[in-house]
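Below, each chain spelled out in residue letters.
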Amino acid sequence: MNVIETRDIVKRFGKVDIVKGINLKVEEGEVFGFLGRNGAGKSTFINILTGILRPTSGSFSILGEKVPNEEVKKRIGVLPDYTAFYHHMNAIAHLKYFANISGKKVTTAECLRVLKWVGLGLDANKRVGKYSFGMKKKLGIAQAIIHDPEVLFLDEPTSGLDVESAIEIQQLIIKLKEMGKTIFLTSHNLYEVEKLCNRIGIMKDGKLQKLGTIAELKAYYRSKLIVTMKHSIFPQDQEHTVIQWLNNMSEEIQREDEKTIITLEKEEQIAQIVRAFNQYKIDIFRIEVDEPSLEEVFLEG
Amino acid sequence: MAITKKEFFQLFKSVKSIIMIVVLLVSSYYFAKYTEQLVPILELEQTSSWYAGGLLIILLLFGPLFVMSLSHDVLNRELSERTMRFLVTKTSKANILFGKFLGVWIFWFVCFTVCYVITLFYSKSFDGRLFLETVSLLTYLVVITLLLSSVIKSPQYTMFIGVIFGMAFSIFQMVILESTAWYSYLKYLMPLFYMQDEDFKFLIVFLQAAVMYSMTYFIFKRTDC
Chain A
0 MNVIETRDIV KRFGKVDIVK GINLKVEEGE VFGFLGRNGA GKSTFINILT GILRPTSGSF
60 SILGEKVPNE EVKKRIGVLP DYTAFYHHMN AIAHLKYFAN ISGKKVTTAE CLRVLKWVGL
120 GLDANKRVGK YSFGMKKKLG IAQAIIHDPE VLFLDEPTSG LDVESAIEIQ QLIIKLKEMG
180 KTIFLTSHNL YEVEKLCNRI GIMKDGKLQK LGTIAELKAY YRSKLIVTMK HSIFPQDQEH
240 TVIQWLNNMS EEIQREDEKT IITLEKEEQI AQIVRAFNQY KIDIFRIEVD EPSLEEVFLE
300 G
Chain B
0 MAITKKEFFQ LFKSVKSIIM IVVLLVSSYY FAKYTEQLVP ILELEQTSSW YAGGLLIILL
60 LFGPLFVMSL SHDVLNRELS ERTMRFLVTK TSKANILFGK FLGVWIFWFV CFTVCYVITL
120 FYSKSFDGRL FLETVSLLTY LVVITLLLSS VIKSPQYTMF IGVIFGMAFS IFQMVILEST
180 AWYSYLKYLM PLFYMQDEDF KFLIVFLQAA VMYSMTYFIF KRTDC
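These protein sequences, in sequence, are chains A and B.
First residue of the first sequence? That's 0 in numbering that gives the first Met the number 0, and the numbers climb one at a time after it.
First residue of the second sequence? That's 0 in numbering that gives the first Met the number 0, and the numbers climb one at a time after it.
Watch out, some of these pointers could steer you wrong.
[Unchecked claim] Derived DSS-like pairs: lysine-lysine, alpha-carbon spacing no greater than 27 Å straight-line:
id: 1; chain 1: B; residue 1: Lys186; chain 2: A; residue 2: Lys95
id: 2; chain 1: A; residue 1: Lys95; chain 2: B; residue 2: Lys92
id: 3; chain 1: B; residue 1: Lys92; chain 2: A; residue 2: Lys19
id: 4; chain 1: A; residue 1: Lys125; chain 2: B; residue 2: Lys4
id: 5; chain 1: B; residue 1: Lys92; chain 2: A; residue 2: Lys73
id: 6; chain 1: B; residue 1: Lys4; chain 2: A; residue 2: Lys135
id: 7; chain 1: B; residue 1: Lys220; chain 2: A; residue 2: Lys103
id: 8; chain 1: A; residue 1: Lys115; chain 2: B; residue 2: Lys5
id: 9; chain 1: A; residue 1: Lys65; chain 2: B; residue 2: Lys92
id: 10; chain 1: A; residue 1: Lys129; chain 2: B; residue 2: Lys15
id: 11; chain 1: A; residue 1: Lys95; chain 2: B; residue 2: Lys4
id: 12; chain 1: A; residue 1: Lys103; chain 2: B; residue 2: Lys4
id: 13; chain 1: A; residue 1: Lys125; chain 2: B; residue 2: Lys5
id: 14; chain 1: B; residue 1: Lys15; chain 2: A; residue 2: Lys125
id: 15; chain 1: B; residue 1: Lys220; chain 2: A; residue 2: Lys129
id: 16; chain 1: A; residue 1: Lys129; chain 2: B; residue 2: Lys5
id: 17; chain 1: A; residue 1: Lys104; chain 2: B; residue 2: Lys92
id: 18; chain 1: B; residue 1: Lys15; chain 2: A; residue 2: Lys73
id: 19; chain 1: B; residue 1: Lys92; chain 2: A; residue 2: Lys135
id: 20; chain 1: B; residue 1: Lys4; chain 2: A; residue 2: Lys73
id: 21; chain 1: A; residue 1: Lys104; chain 2: B; residue 2: Lys4
id: 22; chain 1: A; residue 1: Lys95; chain 2: B; residue 2: Lys5
id: 23; chain 1: A; residue 1: Lys19; chain 2: B; residue 2: Lys15
id: 24; chain 1: A; residue 1: Lys14; chain 2: B; residue 2: Lys152
id: 25; chain 1: A; residue 1: Lys103; chain 2: B; residue 2: Lys152
id: 26; chain 1: A; residue 1: Lys73; chain 2: B; residue 2: Lys5
id: 27; chain 1: A; residue 1: Lys135; chain 2: B; residue 2: Lys152
id: 28; chain 1: B; residue 1: Lys220; chain 2: A; residue 2: Lys125
Quick caveat, the hints were computed from the structure, so don't treat them as lab data.
Work out the full structure: start from the sequences and follow the hints.
Written as structure tokens, this is what we have:
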């Protein structure tokens, strides 16, 4: 089931199109990562999905219901890109207030449980006016999950957090994923996206430039595979035959006695080489495949 | 209801509102206390109406200032500080607007009802029409404050404009009602026009409030948060 489905979403500010016709589907239980440079339109797009902004044109549905829809809002949790709170209220009062608006009454114990999840257990009764940026971010995540929503929209959930807190939040996202939540998140942290997400979309200049699993995107940009093999010395009587066979495989080969670097076009060719070496009684000690990192895929866009 | 509750209690918590409540209570107490002595001097009729009428006069003269100064930022504060983002992702803009309207309205309704009860101790009679008339004006003022807060996006501006408006509105109404110039047609927009006679024309003030409420909703609905 598609939990999020958008059709030609456009957002125009004045005469400038910030989001230029985005079509996207996110399936149930997926953690979908949305990447893009600053100003690419990520936050605008997530703000449209969550009802903060109105699209100029296009339509979308969440949980199978056409949006805007009052009932759908009760089933989603949102961490907006800008987290400002009511300074005079404490974290528990915030969670009770927001959960109440979402149509669910929560007890103090439930609030404390969620605050502990995000690492604010000890600051639950402190006025939010005294919170640091990172603490506000954590409270933002807590208010997004307090009413136990089915879908979560998290706009840069770990930006501005210290390393320890960021790891805590990443673990929480993994926990929420295991609980079956569908999560749509944006991030600048590629390592985080690679760690958490099933699929990613890369946005550039208001358009969805790339879409797929991380493996698919890497494969797309991996036009050539540079394979480095450490192996035993080729048997003297068969050395010529093996080298000739390798030359038939690829034109780009660098060879030393116990090391071969070969440029291949397909992954299947690695398996062929392994089988051939095995046949010629050449021991393979190590194979390294140099493939594009997510950073390279991101920068390619 | 959560939004209503928050708005209602938040108003009671500020120093400004406590001062307003004290001013209202004190003035209604003294108005009621001295009405009996003023009525024979001014040769007024229907003494009992003057107790409650006094409160209506206070509301007519100072109501716009009271309501504007406390609630001028009821919508735009959350928009400018972006706490509105949390609300719009959880419920509809119609619910947010109604919740805020109700919270502010109940606050002023409670304040004026308490003042009314004080005057009842002296008048010993309840004038339902006059009470409803006061409520209609109260509703008008709360809604016009909401409208101002939706049109002007900066709380600093609404504070300034609200205070000016609050002070000028009562005078402006009286000038227009007395005027015969071309702009005298504006009197039909003024609540005071419908409250001059002892009849039920004041119900039109509720209608005016409803029209302004719809305008506020239309503007708020189209506002990006």
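For the pair we were handed, Lys104 of chain A and Lys92 of chain B, check the Cα-Cα distance against 27 Å.
21 Å, holds
Sort out whether Lys4 of chain B lies within 27 Å of Lys125 of chain A, counting only the CA atoms.
It holds: about 22 Å lies between the C-alpha atoms, which stays within 27 Å.
Taking 27 Å as the top limit, are the C-alpha atoms of Lys129 of chain A and Lys5 of chain B close enough?
The hint holds at about 21 Å.
Take a quick look at whether Lys129 of chain A and Lys15 of chain B sit within 27 Å of each other, Cα to Cα.
24 Å, holds
Under the criterion that the straight-line Cα-Cα distance not exceed 27 Å, is the pair Lys15 of chain B, Lys73 of chain A satisfied?
Since the Cα atoms of Lys15 of chain B and Lys73 of chain A sit roughly 35 Å apart, the hinted pair is violated (cutoff 27 Å).
Has the given pair, Lys19 of chain A with Lys15 of chain B, been kept, meaning a C-alpha gap of at most 27 Å?
48 Å, violated
Assess, step by step, whether the Cα of Lys220 of chain B is no farther than 27 Å from the Cα of Lys129 of chain A, and give holds or violated.
Not satisfied, since the Cα-Cα distance of roughly 33 Å exceeds 27 Å.
Would you check the hint for Lys95 of chain A and Lys4 of chain B, treating anything up to 27 Å between C-alpha atoms as holding?
12 Å, holds
Is the hinted pair Lys92 of chain B and Lys135 of chain A satisfied, with a Cα-Cα distance of at most 27 Å?
With Cα atoms ~24 Å apart, Lys92 of chain B and Lys135 of chain A stay inside 27 Å; holds.
For the pair supplied as a hint, Lys95 of chain A and Lys5 of chain B, confirm whether the alpha-carbon distance does not exceed 27 Å.
11 Å, holds
Can you confirm whether the C-alpha distance between Lys65 of chain A and Lys92 of chain B stays at or below 27 Å?
With a Cα-Cα distance of about 17 Å, the restraint between Lys65 of chain A and Lys92 of chain B holds, given a limit of 27 Å.
Measure nothing beyond the straight line between the CA atoms of Lys115 of chain A and Lys5 of chain B; if it is 27 Å or shorter, mark the hint as holding.
At roughly 25 Å apart (the allowed maximum being 27 Å), Lys5 of chain B and Lys115 of chain A satisfy the hint.
Hints 1, 15, 18, 23, 25, 28 from the earlier list are contradicted by this structure; the remaining hints agree with it.
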